[in-house]
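Since chain A is already given, all that's left is putting chain B on it; use the hints.
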Amino acid sequence: MSAMKAVVVESDILSPFGLGVDACWAGLLAGQTSITGMSRFSTKAFFSDYGATIPGLKYHEGASLVTQMLTTLFDRTAAKIPPDAKLMLASTKGEIDLLERFIITGTGAADESTLNNLLCKVIDLTGTTGGGMVVSAACTSSSAAAGRAAAMIRNGHADCILVVACDSVTEFVFSGFSSLMALDKVPARPFDKNRAGLSVGEAAAYMLIMSEERAEREERTVLGTIAGWGMSDDANHMTGPSRESEGLVRAIKAALDSAGIAAGQVSFISAHGTGTPYNDAMEMRAFRSVFKDRKVPVYSVKGAIGHTMGAAGLVEMAIAQRAQQESIVPPTVNLIEADEDAAGWVSGQSRNIGTNSMALVTNAGFSGVNTALVLA
Amino acid sequence: MTISVRGIGWLTKTGYGSIRTGAQHQFAEGEGVHSMAKLGTFSQPFKNFGRLDRMSRMTVSAVALALQDAGMEYSSANKQDMGIIGTSRAGSLTSDIDYFKDFWENGRTLSRANLFIYTLPSSAMGEAAIHFGLTGPLFYGTSADGSLAGFMDMAVDMVVTRETGGMLVGKIEEEEALYFLVDDTEEDNVLCSLVEARTIVASTQDISDILRQLSILKVKKGIV
Chain A
1 MSAMKAVVVE SDILSPFGLG VDACWAGLLA GQTSITGMSR FSTKAFFSDY GATIPGLKYH
61 EGASLVTQML TTLFDRTAAK IPPDAKLMLA STKGEIDLLE RFIITGTGAA DESTLNNLLC
121 KVIDLTGTTG GGMVVSAACT SSSAAAGRAA AMIRNGHADC ILVVACDSVT EFVFSGFSSL
181 MALDKVPARP FDKNRAGLSV GEAAAYMLIM SEERAEREER TVLGTIAGWG MSDDANHMTG
241 PSRESEGLVR AIKAALDSAG IAAGQVSFIS AHGTGTPYND AMEMRAFRSV FKDRKVPVYS
301 VKGAIGHTMG AAGLVEMAIA QRAQQESIVP PTVNLIEADE DAAGWVSGQS RNIGTNSMAL
361 VTNAGFSGVN TALVLA
Chain B
377 MTISVRGIGW LTKTGYGSIR TGAQHQFAEG EGVHSMAKLG TFSQPFKNFG RLDRMSRMTV
437 SAVALALQDA GMEYSSANKQ DMGIIGTSRA GSLTSDIDYF KDFWENGRTL SRANLFIYTL
497 PSSAMGEAAI HFGLTGPLFY GTSADGSLAG FMDMAVDMVV TRETGGMLVG KIEEEEALYF
557 LVDDTEEDNV LCSLVEARTI VASTQDISDI LRQLSILKVK KGIV
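Chains as they are written, first to last, in my numbering: chain A, 1 to 376; chain B, 377 to 600.
Just chain A, same shape as in the assembly (with noise of 0.2 Å):
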């Protein structure tokens, strides 16, 4: 049997620019940034007051941030989800608000907060049958799962898998990055001399992925294809980046491989670019070691949404996808001065390529996972 492709039929996100792929792109677009004071909690015990949050939501009040960002993402596309799809949701913490609810008011219950029961609830909610397993992998998860889900759809094990990821601003996390020194005081910079930490951001997302042959017996619209995809660990530290970057450098080698191209074909990188002076670094010297001195365009969507944590990868997969559509690399938003590893690589204005581009998308995470995939 060949080896089937695997290809993305529908997708949606829902950012801190509000419903839709659209909505996102026109921010990026524009340079501006999403990341303000944030007002869901106080902030004053923190390294930071900045965050990047979806307009509207409730905290401790009901549904959990995520419950309610996937209940608005699904009631306009549930119709296009076939019922036989699997399903793998991606997060890093889920329903933690529920636990902090728990801890602070003894409403509900400790164990509603964990991942199990929110993938029970993300199947009511798509209506899937197909079965379902969450996959989670510090902020590679969402890239993690589609990997795993076009890996699935390539040797014949699956011909539809719905991708949803989600994670929210909590006072869990926030104070967590905050506890590591991980945020920078202003809006994050991505690939700037003078950025200082991450922004905390939130979104929710899907991808709907089938198998070429399905998606052309459905008469489905192919909005791109992953090609390929690699992981791996640094297998180094559990908090930083592997300052020699070869674990990120596996990653791209085999997502290049598993997509049987060449790293010269690569038209841009969506890269991880958390605005952390280590993984910026870490990613600019992974790119040289496999670009060498071609200086492929490099963006990053975090200073203008923040750190979407484990819905980050499959955020940045639809819009390096919908950059590949209007042959459009979006701008890294915040850059004043790139470092001096980035210049020429990155840039602060919106960039044009050619048709019929190949994307590379990276993400990394706590723990020192490493995640690459090939769009094409």
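Keep in mind the hints are simulated off the structure, nothing from the lab. Here the structure is a predicted model, which means the values were calculated and not measured. Quick reminder that beta carbons are idealized off the backbone N, C-alpha and C, glycines included. Keep in mind that a hint or two might mislead.
To be verified - Covered stretches of chain B, going by a simulated chain A footprint (3 or more residues, C-beta under 8 Å):
id : stretch
1  : 484-491
2  : 499-510
3  : 571-581
Said to hold, decoys possible - Pairs of lysine-lysine residues, derived as DSS-like cross-links and limited to a Cα-Cα distance of at most 30 Å, are as follows:
id : chain 1 : residue 1 : chain 2 : residue 2
4  : A       : K80       : A       : K5
5  : B       : K597      : A       : K121
6  : B       : K477      : A       : K185
7  : B       : K423      : B       : K389
8  : B       : K594      : B       : K414
9  : A       : K193      : A       : K58
10 : B       : K596      : B       : K389
11 : B       : K423      : B       : K477
12 : A       : K58       : B       : K594
13 : A       : K58       : A       : K5
14 : B       : K477      : A       : K44
15 : A       : K121      : A       : K80
Coordinates of chain B only, in the frame set by chain A:
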């Protein structure tokens, strides 16, 4: 290519051991998972074992036993192309409670990074990756029915398609942990076939029951 199960390590509230070697040890009074670093479980010193959360201690202990069972040497200095998938229903719930209660009881002003790092369900696998030098794919998973079978399929796929050279795939529930080492190996070095292992993990979610069935299988196959 012959993908097989080469080693299985396990840990319960009362003891620990491995399937192929048949090693089985009972905890003495006062011993438990917190004692594993002192009981000769690890072939190299485990720096800071005491600061790991319970899920991480159980994971690294069961992984060490699975590697031992397979006769595989390891070193954090000599990294190996092997990945790890860990599953459990509760994920990082215990560490989540520990972190946020501590933060709350400290007046919502002091948050502890050393507690926060274990609030990711994949952190236990991260500790294993660092100690055993595992550079392959790593993630936490859970399925609606709590079964390990789907993740075992994924692990096997990764080895078959040469995404990685081998995979550790395991399950932790309550006080019990179980890890399988799956790789492409010589026929005479095999504990059981994948089909056999998958049939067992798909038949029950109970770790003790999986262990019992694996032990019966071993006897049937005449592995001593």
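Verification of the hints:
Check result for the stretch 484-491 of chain B against chain A: holds, 6 residues qualifying (beta carbon to beta carbon below 8 Å, three or more required). Beta-carbon proximity to chain A at under 8 Å applies to 9 residues in the stretch 499-510 of chain B; the threshold of 3 is reached and the given coverage holds. Remark: the stretch 571-581 of chain B is not confirmed as covered by chain A, as 0 of its residues place a Cβ nearer than 8 Å to a Cβ of that chain, below the required three. Of the supplied pair hints, the one linking K80/A and K5/A holds, its CA atoms being roughly 20 Å apart against a limit of 30 Å.
Restraint check for K597/B and K121/A: not satisfied, since their Cα atoms lie roughly 43 Å apart, outside the 30 Å limit. Taken as a hint, the K477/B and K185/A pair is honoured in the structure, with Cα atoms around 26 Å apart against an allowance of 30 Å. The suggested pairing of K423/B with K389/B holds, with an alpha-carbon distance near 23 Å, which does not exceed 30 Å. For the suggested pair K594/B and K414/B, the alpha carbons sit about 29 Å apart, so the restraint of at most 30 Å is met.
Taking the CA atoms of K193/A and K58/A, the gap is about 37 Å. The hint is violated against a cut of 30 Å. Under the criterion of a C-alpha separation no larger than 30 Å, the hint pairing K596/B with K389/B is consistent with the structure, at around 27 Å. The suggested pairing of K423/B with K477/B holds, with an alpha-carbon distance near 27 Å, which does not exceed 30 Å. For the suggested pair K58/A and K594/B, the alpha carbons sit about 55 Å apart, so the restraint of at most 30 Å is broken.
Restraint check for K58/A and K5/A: the C-alpha separation of about 41 Å exceeds 30 Å, so the hint is violated. Restraint check for K477/B and K44/A: satisfied, since their Cα atoms lie roughly 19 Å apart, inside the 30 Å limit. Straight-line distance between C-alpha atoms of K121/A and K80/A comes to about 18 Å, which keeps the hinted pair within the 30 Å bound.
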